[in-house]
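Chains A and B are the protein sequences, given in the same order. When the letters of the first sequence are read in order and numbered with the working numbering, they come out as residues 1 to 510. When the letters of the second sequence are read in order and numbered with the working numbering, they come out as residues 1001 to 1510.
It is worth saying that the hints were derived from the structure and are not from the lab. Wrong hints could be hidden among the right ones.
Taking beta-carbon pairs under 8 angstroms as the criterion, some of the chain A residues facing chain B (in silico) [said to hold, decoys possible]:
| no. | residue |
| --- | --- |
| 1 | Lys194 |
| 2 | Val225 |
| 3 | Leu227 |
| 4 | Ser259 |
| 5 | Thr304 |
Selected chain B positions facing chain A (in silico; Cβ < 10 angstroms) [to be verified]:
| no. | residue |
| --- | --- |
| 6 | Gly1224 |
| 7 | Val1228 |
| 8 | Met1231 |
| 9 | Glu1258 |
| 10 | Leu1264 |
| 11 | Gly1275 |
| 12 | Leu1278 |
Simulated DEER-style distance windows between Cβ atoms [as the list claims (entries may be wrong)]:
| no. | chain 1 | residue 1 | chain 2 | residue 2 | range |
| --- | --- | --- | --- | --- | --- |
| 13 | B | Lys1373 | A | Asp265 | 35 to 41 angstroms |
| 14 | A | Asp265 | B | Glu1397 | 29 to 35 angstroms |
| 15 | B | Asp1265 | A | Ala50 | 37 to 43 angstroms |
Values in this document were obtained by computation on a predicted structure and should not be read as measured data. For every residue, glycine included, the Cβ atom is placed at its ideal position computed from N, Cα and C.
Protein chains: 2
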Amino acid sequence: MTAGAETTTTAPARREIGVTELILRDAHQSLMATRMALEDMVDACADIDAAGYWSVECWGGATYDACIRFLNEDPWERLRTFRELMPNSRLQMLLRGQNLLGYRHYEDGVVDRFVEKSAENGMDVYRVFDALNDVRNVRHAIAAVRRVDKHAQGTICYTESPLHTVEGYVQMARDLMDLGCDSLCIKDMAALLKPQPAYDIVKAIKDDLGQDVRIHVHCHATTGVTLVSLMKAIEAGADVVDTAISSISLGPGHNPTESLVEMLDGTPYTTDLDGERLLRIKDHFATVRPRYTQFMSAITGVETEIFKSQIPGGMISNMESQLRQQGAGDRLKEVLEEVPRVRAVAGYPPLVTPSSQIVGTQAVFNVLMGPYKVLTAEFADLMLGYYGATLGERDPEIVEAARAQTKKEPIDVRPADLLQPEWDRLGAEANDLEGADGSDEDVLTYAMFPGVAPVFFAKRPEGPRNVGLDPAELAAGDQSEPAGKGPVKGPINYAVTLDGAEHHVTVERA
Amino acid sequence: MTAGAETTTTAPARREIGVTELILRDAHQSLMATRMALEDMVDACADIDAAGYWSVECWGGATYDACIRFLNEDPWERLRTFRELMPNSRLQMLLRGQNLLGYRHYEDGVVDRFVEKSAENGMDVYRVFDALNDVRNVRHAIAAVRRVDKHAQGTICYTESPLHTVEGYVQMARDLMDLGCDSLCIKDMAALLKPQPAYDIVKAIKDDLGQDVRIHVHCHATTGVTLVSLMKAIEAGADVVDTAISSISLGPGHNPTESLVEMLDGTPYTTDLDGERLLRIKDHFATVRPRYTQFMSAITGVETEIFKSQIPGGMISNMESQLRQQGAGDRLKEVLEEVPRVRAVAGYPPLVTPSSQIVGTQAVFNVLMGPYKVLTAEFADLMLGYYGATLGERDPEIVEAARAQTKKEPIDVRPADLLQPEWDRLGAEANDLEGADGSDEDVLTYAMFPGVAPVFFAKRPEGPRNVGLDPAELAAGDQSEPAGKGPVKGPINYAVTLDGAEHHVTVERA
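The shape of chain A in the complex, shown without the other chains (with noise of 0.2 angstroms):
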């Protein structure tokens, strides 16, 4: 519209807003558990790399773990296809501060090692962040990242409860920023942050720390409400956003990249995002969706719900299908109200991984056999402070339960400072076994994933499969209709028992 004449809001030069692009890991993570192969990824580089993107995230724990569990791609080789594929563009990961990759607390020199070996394969933006949003479980990361000249951001979990507050946050962002960060990111993997949080927090942070303190915001979009807390968080002086290219977007996963430049028409903000490029990636994720639609979330709308159990999208079918292995499949209501109540017990954590599974695990405990009759060894662990230390007091009763359970002792020192160096050991482990290639890669990949490693190893050779449909299959095929529309295509077999006699019978239409 020419409406540059009658705009009452006075725009001064427009501010250019970056943009993380999602596709290539958080976004096939969030919609279509994880499964997409790099085959499927590199006809699309040339044109992310072109589209003037702030970064492109590509790699973390779920995209490492699908790529050894399910794809037999080896994920260093992967990092290494976007590093040539994507020259121009920064690579960004997402690193579980001394989690790394994996599910338990690595000592300080895997740490460093895992950090080095990713820089020289082509990382250059590590977003690091802790389940418990304790600092000193991100120091150590953050430390190494600045060691090898990396951008090291520091990231804040975003969740809410009766302790969590703005001034808070802005604890949490000196803290980080006194690490020496480049930036800090809010990180919203629920989608709970609302418009005006988003507005407070950033413009709190920025008041504080100062307008060139550089703030990244990543939302999900499963309660609707986050494109509208993006806007907010800009108005705010957020500098740089988190989208999905709209063919992998919304439901649990992520605001549409091209509604976000469409979103800033107008405004004081730009993305200067090329709209060609980014509807050539769109076309092509377009093409690539129907392959992979046995992995789809079955949410595809939007759950404001989630507001009360504060349970990411992604993990709720997760515990329907535990409920339904015990026979509970109708409880999930109760565990979905249990899960406050043990986030209070354990002290308000943020719920994502690996605090998420720990938290909702317990709930199902509770709700199945009575409230804290039996403690998940996670569960113990995080009451007795071996995960780090959380914002609230945690339940002194059911601390002494998890001792009396576990005998460990309560903790409070960082976890990390009770290991004694791994990597020797971990190399000597890695490299007995069949296949490993002697690299340090290698190593990280038997150290985070120790029991996926040596199957993985030992089939490499083999190399990559695409778990997706084959586009043969898919152009032949009817995986993209729903059922009752898609009339039947082919042959089918049957195993058809008449009278007691079993015959094998192919029918088609004739």
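Chain B: place on chain A using the hints.
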């Protein structure tokens, strides 16, 4: 979050934002081809009535049409049922100005009768629009609504063009308010209204006409940006916004009601809707939705390309089917590029029923047969002024072609001024039909849908027909699961009679 003390926005007393719930009209029109039967709505009415909505949209051209064409339901009976089940709610309808719920201009006496009868049957709020934004075409309907003492809402169809400006919209708002409207609506039927123009237009109208001019904002969700637009419209002073309950929302439908509620949390605005009622409404329609899978829109994500063509989402599939029938299924892209050119030739009308169909079909003709080699009768009428005035000048060369082809002269008066009283003739014709009951309501049905009414009147005694899946069928079947996900659940037993002999056959996938 307990951020009260930290809030950096100065919050005045919270302003209550009204909400119009669209589930009973536009939501299922946009997402399931208007096929929802009354019986699938009645159980939600008590909750809708008590949830605290400003109004409940429940009637319009497409619902009326679908009632008599597909559902064998009397639309007047549907209206009376809503009136009875929602005694505390404002019932709202969408009225196509002088076209009423049909596709031609009616003589003023018919307009009067329609408004009187609908008011008598329970309608409260009339949202009156003209597809060309020609205020002369809504004048009589608005006067009729005022005469029966109901709420007359004047509508601005939002579109973009080199001629459309904020000042132009303000002028139209002035013209509508001069007719005595109780409120204004900014109607964004194709999700083109971006946040900044939403803010600018609402603010400019309020600044010009006064803060107490009530402004409603209606947006579709297709492009993914319009919840942000509602936020900015509210910040600019909008009084009421339209949303649909989340289980039948998004895509070419609307923003989810629950997301709107959550979006305003902590802001100076509130909806005061009852969350428990919303949850029950959501759950009800989540159960209903799978019945209509076969009618569901293929678009579920966002489409930002429509910013260029401005074609409402629902129309693109119509065009595709027109093209396929002509063996030109691969030429959609050309047609979408032709649409803006046709719109320019026609003086930049908004694209909404019926102008969207008229412009869209001419674009198809232009692509298939060459530009303006053949004009559709409707496009010729549009060029000659028989639908009213457009903002821009219509291309004189094509006006001349329209005159030559149709032997009709261009007009510049209000089209209905050329019509003769027709109520008596319509009444006589209607009452001659088998099954007509002699009521004014039946005459109106015949007047607006002369082709369908005779069949409907004859079959009406058979009672409503639900074209959705039977709940029992649904419980047994796998209609809600995508193909490839929903396996045949187990062996199926058949009794098969083959050459006269009955066999018992068990079949399962081999």
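*Holds or violated: Gly1224(B) as interface residue toward chain A, Cβ cutoff 10 angstroms?*
holds (3 angstroms)
_Checking hints one by one. Is Leu1278(B) an interface residue toward chain A, by the C-beta closer than 10 angstroms rule?_
Hint holds; Leu1278(B) Cβ to chain A Cβ min 9 angstroms, cut 10 angstroms.
_Cut-off 8 angstroms, beta-carbon criterion: hint that Thr304(A) touches chain B_ = holds (4 angstroms)
*Does the nearest C-beta of chain B fall within a distance shorter than 8 angstroms of the C-beta of Lys194(A)?*
holds (5 angstroms)
*Answer holds if the nearest beta-carbon of chain A is closer than 10 angstroms to that of Leu1264(B); otherwise answer violated.*
holds (8 angstroms)
*Is the interface hint for Met1231(B) satisfied, with its Cβ closer than 10 angstroms to some Cβ of chain A?*
holds (5 angstroms)
*Against chain A, run the beta carbon of Glu1258(B) and see if the smallest gap drops under 10 angstroms.*
holds (4 angstroms)
*Would the stated hint for Gly1275(B) survive a check requiring a Cβ distance to chain A of less than 10 angstroms?*
Where the cut-off is 10 angstroms and the nearest Cβ of chain A is about 9 angstroms from Gly1275(B), the hint holds.
_Hint status (Cβ of Val1228(B) to nearest Cβ of chain A, threshold 10 angstroms)_ = Holds - the Cβ of Val1228(B) comes within 10 angstroms of chain A, reaching about 5 angstroms at its closest.
*Could you check the hint for me, namely that Asp1265(B) and Ala50(A) are 37 to 43 angstroms apart, CB to CB?*
holds (40 angstroms)
*At the C-beta level, are Lys1373(B) and Asp265(A) separated by a distance inside 35 to 41 angstroms?*
holds (36 angstroms)
*Taking the least C-beta to C-beta distance, is Val225(A) closer than 8 angstroms to chain B?*
This interface hint holds because 4 angstroms falls under the 8 angstroms limit.
The structure fails none of the hints (numbered hints given earlier).
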